[in-house]
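Visitor: Listed below, chain by chain, are the residues.
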Amino acid sequence: MSQTTYSAQLFATCLVDAIRPAAGLATLRLLERLGVKVIVPSGQTCCGQPAFNSGCLADARAMARYTIDLLEKSPVPIVVPSGSCGDMIVHRYRELLADELAYASKVERVAARTYELSQYLSDVLKVQDVGARCRRTITYHPSCHLLRGLGVRSAPSKLLDSITDARCVGLSGAEDCCGFGGTFAVKMGELSSGMLDRKLDAIVESGADTVVACDAGCLMHIESGLKRRGSNVAVRHLAEVLVESE
Amino acid sequence: MNSPSMSFQQRVSHALADGQLRIALDRTTERFTSNRVAGLASLPDADAVRDCARSIRLHTLSKLDDYLEQFEANVTSVGGQVHWASDAQEANEIVLDLARSRSVKRVVKSKSMVSEETELNQALISGGLDVVESDLGEYIIQLAGETPSHIIAPAVHKTREQVGQLLADKLGVPMTDDPVEMTATARSALRDVFLQSEMGISGVNFGVASTGSLAIVTNEGNASLTVTAPRIHVAMMGIERIVPTLDDLAVMLLVLARSATGQKLTVYTDLLTGPRRGDPDGPEELHVVLLDNGRSRLIGTEVSEVLACIRCGACLNACPVYQQIGGHAYGSVYSGPIGAVLTPSLDREGPWHVLPEASSLCGACREVCPVRIDIPRMLLALRAETVHSGKGNRWVRVGFWLYRIAATKPWLFRCGVSVVRQLTKMFFVNGWLLRLPSPLPSWTRSREFPVIASRTFSEEMRDREKGSGDE
Chain A
283 MSQTTYSAQL FATCLVDAIR PAAGLATLRL LERLGVKVIV PSGQTCCGQP
333 AFNSGCLADA RAMARYTIDL LEKSPVPIVV PSGSCGDMIV HRYRELLADE
383 LAYASKVERV AARTYELSQY LSDVLKVQDV GARCRRTITY HPSCHLLRGL
433 GVRSAPSKLL DSITDARCVG LSGAEDCCGF GGTFAVKMGE LSSGMLDRKL
483 DAIVESGADT VVACDAGCLM HIESGLKRRG SNVAVRHLAE VLVESE
Chain B
4 MNSPSMSFQQ RVSHALADGQ LRIALDRTTE RFTSNRVAGL ASLPDADAVR
54 DCARSIRLHT LSKLDDYLEQ FEANVTSVGG QVHWASDAQE ANEIVLDLAR
104 SRSVKRVVKS KSMVSEETEL NQALISGGLD VVESDLGEYI IQLAGETPSH
154 IIAPAVHKTR EQVGQLLADK LGVPMTDDPV EMTATARSAL RDVFLQSEMG
204 ISGVNFGVAS TGSLAIVTNE GNASLTVTAP RIHVAMMGIE RIVPTLDDLA
254 VMLLVLARSA TGQKLTVYTD LLTGPRRGDP DGPEELHVVL LDNGRSRLIG
304 TEVSEVLACI RCGACLNACP VYQQIGGHAY GSVYSGPIGA VLTPSLDREG
354 PWHVLPEASS LCGACREVCP VRIDIPRMLL ALRAETVHSG KGNRWVRVGF
404 WLYRIAATKP WLFRCGVSVV RQLTKMFFVN GWLLRLPSPL PSWTRSREFP
454 VIASRTFSEE MRDREKGSGD E
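So the protein sequences, as listed, match chains A and B.
Going by the numbering used here, 521 is the number at position 239 of the first sequence; the sequence numbering is gapless.
Going by the numbering used here, 430 is the number at position 427 of the second sequence; the sequence numbering is gapless.
Isolated chain B, as found in the complex (with noise of 0.2 Å):
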């Protein structure tokens, strides 16, 4: 586990030197990568249906406002009730208030990333409430005391021996690593929990605007219990979350869990249209928590197709930074290649300007979003706001205003290059430099240091200059 005082270079370090991490990494981004190129293959057109699913997203995000109200009203209309939260600590008192209200004593929950943005698990248990994650790998985590290190995946980083250990640890049960006995295992001691249980809490993957209808897919039919068991339902959304139609909800599930897992559709999907009216089934009330907490923000700036995202999980499982160190070392609610974005966007004041430094910009996540998400274009425009704003490193803005200066200068970048091959000489030890001032060490820990070729390429040329003109 990392602390969070510990820095985003130590908690690297730390996550590099996790074997049983590299396993668990290994094992899973591989697997949901090859799964995904397979997945969409199943597609007659994937590219197509990508380019639809991006048109609808950017579309919504460009009327976000008249879509939240239509969506509000016809929640409304259908006997739900809509919560608008400006941040965390809001939504945090919606639910807590309603749970309050209404004597809940007992509160279940499917997996809501929204809900891990804002805290909520501490601030129910705070308020005295029992909270229960049903979905597998949060419940796994929510034992371990951990927090989530993947968005679609929360317990990524175990390997399956060691969440073995821990349900022994945890539930006096007999130690196995056949994830057949262990989710047996989490089964029968969920069941009572969703039966028990006054208030259930889940997460949103799209809410359709045009009916109210909440989408929440998943592959144990967790969420379908966390919804309709308890008598109230409490669904936590991103604002950002809206799809105009059911048709186009109907174009983002074809690419969602292709993206995700490679399934052509999760194992179970649910449609959920307001509460009970009338019929014996599902809870008695609903509630929308519509979350912003920083994302309104967001619309119009550099980084506003953020919120066109669909939280997949491609993209980390593609990164070779997070295949190497997962997402705790982030530090963030949201990590890999989208948290990297996300997390600085979101909350601009915490301590998160070096998530952006954290690609070698390969392009990777862009290739594999469902929704084309340029994300490493917004990592640069990142990048250039810490620069803007002063919070970046002194040094590298000294260097490369002394390097544009010669760069805009041929006969000062030829000379900026002879002193400089001149400088590495005194270093250098068979043409490979040895010894290097901080921060270069950490380029020479398994690297040798290029030197400046004894004859540059203009060099080349103007020999070859004077020499057709000697002739």
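Just chain A, same shape as in the assembly (with noise of 0.2 Å):
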């Protein structure tokens, strides 16, 4: 891996950027780990799911033309280590902006080279063995929208099942959502809270001392709902997991 074959872009999202800051550092070491020459654009912001989900599109519009403009300066494959933040540029740039011709090229040019961290590891890198090694007991929770938006369903529990001294348990309802939705957990708080708790009860019956995800937003609403149980189940991005070497 001394030569450096591969360069990619990395767009970091605003909620691993304002609240699991760990989550893009980790992904930064571990791409520059597998030899891979990353450029991190500065001026990355939002890419404007909060306000698309929330039907305010003309902000989202304002913010997905700001980071396609962003990210389309550079010709080499972006990475995501947000399972929605991907599906949202991937999928729902689309649709945001499919009355602006300035924007159709731009927007299927990024799309078709913006990946989600695991994804790239996978289909890029073509790598299931990243050589981590951690004594953890590990659980996968699978975000909502990298499991059903991107259709990535096994990729990351292959990289996980390859960490050397790791054991990997199995989550019950795991394709359950957390119920974060970002608004909706304020919304309809309790609504959401009743689906935290489902997958809080499965996360501790699984006996795992961390849970995984791929998406700082379920990340983050896990942690807050464990943190409040007083559990000592830790929570950690993929990339966090990925690094590690004891």
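Because the hints were derived from the structure by calculation, they are not lab data.
Take the hints with a grain of salt, since some may be wrong.
Stated by the list, open to error - Calculated pairs, EDC-like style, for lysine to aspartate or glutamate (alpha carbon to alpha carbon, straight line, at most 16 Å):
(1) B:K394 to B:D350
(2) A:K509 to A:D479
(3) A:K440 to A:D411
(4) A:K388 to A:E377
(5) B:K412 to A:D351
(6) A:K319 to B:E468
Nothing here was measured: the structure is a model prediction, and the numbers come from that model.
Hints are included, so try docking the two chains, each in its own frame, into the full complex.
Guide: Structure representation (structure tokens):
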């Protein structure tokens, strides 16, 4: 891996930037360790998903145009350590900017080279074992937009299975939503809490000491809930465990 | 039971506090969901069949006017009569007029969501008619004075223990929670109703344009009796429930029951073509009421795909919101994800713009839909319409406008993050926020509030750049 053959730009996303910078730093380290030359475009902010999901389309469009202009400058693949933001760029930008001719080809170009992290590792770098080592009992929560939006079902689990000394355990109702849904968690607090409770029960029942996901939104939600319960189950982004080497 | 005067949030709280409801919903939605998976697995290539079913539905909708005319002509040619109803009131008046002009006193019904939509029962009862529901679930909720809480399993909100108690109270039979005994009780009560009713009213799963046939599926055989024993059969259907040919019908039947209950076929599939003609079987008269009630207005809009729905209920069973609160909390005839699209689309003036908010957009509904309706996309379109029409929360709108200003100017975004970090620090204890201004308590009821990191990712990157520049 001494020779750099791959380049990528890292779009960290707003939640990783402000709430979970460790996930962004781990993604950067992981990619560099795998020989990828990583550019982190400066001036990146938010893909616009929160506004889009709340029906504020004019605002979402402004953020989408801004992000596309930012990411379009470099022709290299875009890696996003978050399934829902990746799905936003890959699928939703097209609908959102459907009436803007000036953006039609830009949207397609950016969408075609955007990958969620585990997708990039498995589909572009074609790695399964990244050489990680940690003594953890891990359960994996497949976040909804990664799973059903981008259709990434097995890549994260395979990467986790390949960690030396780690044990992966199943999660009952794994594919059920954690209840985050952006503003849904605040607007429909009771419903969201009910969904989170089921998820947290399953995490605790799994016997894992660490829960891993590939979306900063779900991680923030699950971590906030586990904290309230006083649970000592650790919450980690996929990249954070993949860079561990004890 | 929920009162219509309650707000959606109140109905949700009410439903979440109902332990019996949770038991009933857990039992049924889990069973339906796992049966569905097994049911579809029994098809050699379920994905291809679903694609085919979807293309049949979308094709039909794209030429709906042609197919409806063909359907009407063929129903008429086999001796039936088609009535067009532009809204619920018109549909009810058509049925009531038919009943009056033919001296009908007693009506037996099989399951029809369209008749729920038009509130037909109330109209008929006010018109002095006896109306008895013959679907077991519908019979139960009619006894209880309730409305259906699920498209295909109307009494899904009741546990079998509650049903046993209801039958004991209303019919004076001994209390039991044995489904077989309870079914026998209802069966013997209904037998006379079938024989004595002059009019049978049914729903329609599909109308076949090329033959004028009506397909009705049930597990109890009650529709077969409803549409043949009384001398008049009135079939009620939405204008979108058309398939072009019998071959198309066969494809739809491959996915309908599998998606609904996991069965390969329902126990009974009735295919009715016209009233009795010379032969001794069947009703003397067949009337088909085609209800628009806002449907035709949806064609060509962002939510037109909702008309492809075949009412299997799979999206309700798969929805983590429906699983918690059931159908009544939605306050509308159609509940669950499809109801959250259909209800505000059909009734634009109603108080329904909150329904599309009741989703985390997890996509489980889209995943299970036999005709792959993109429900989340339409929920988003309806949310956008709410914002556009000014009905949404003004603070959310202002908040996202400010956020957008910041998110398109990186220096302002960084400043904003720092300001929020400073502001929130004042409220935090040990890194987790304890008290929050409204509406944020709805977050903190079960979750700590996350804090902005002491060093953001972009701050780390700037330092890294500086560091490498210094070297």
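Visitor: Check each numbered hint from earlier against the structure, then list the numbers of those it violates in ascending order.
Guide: none
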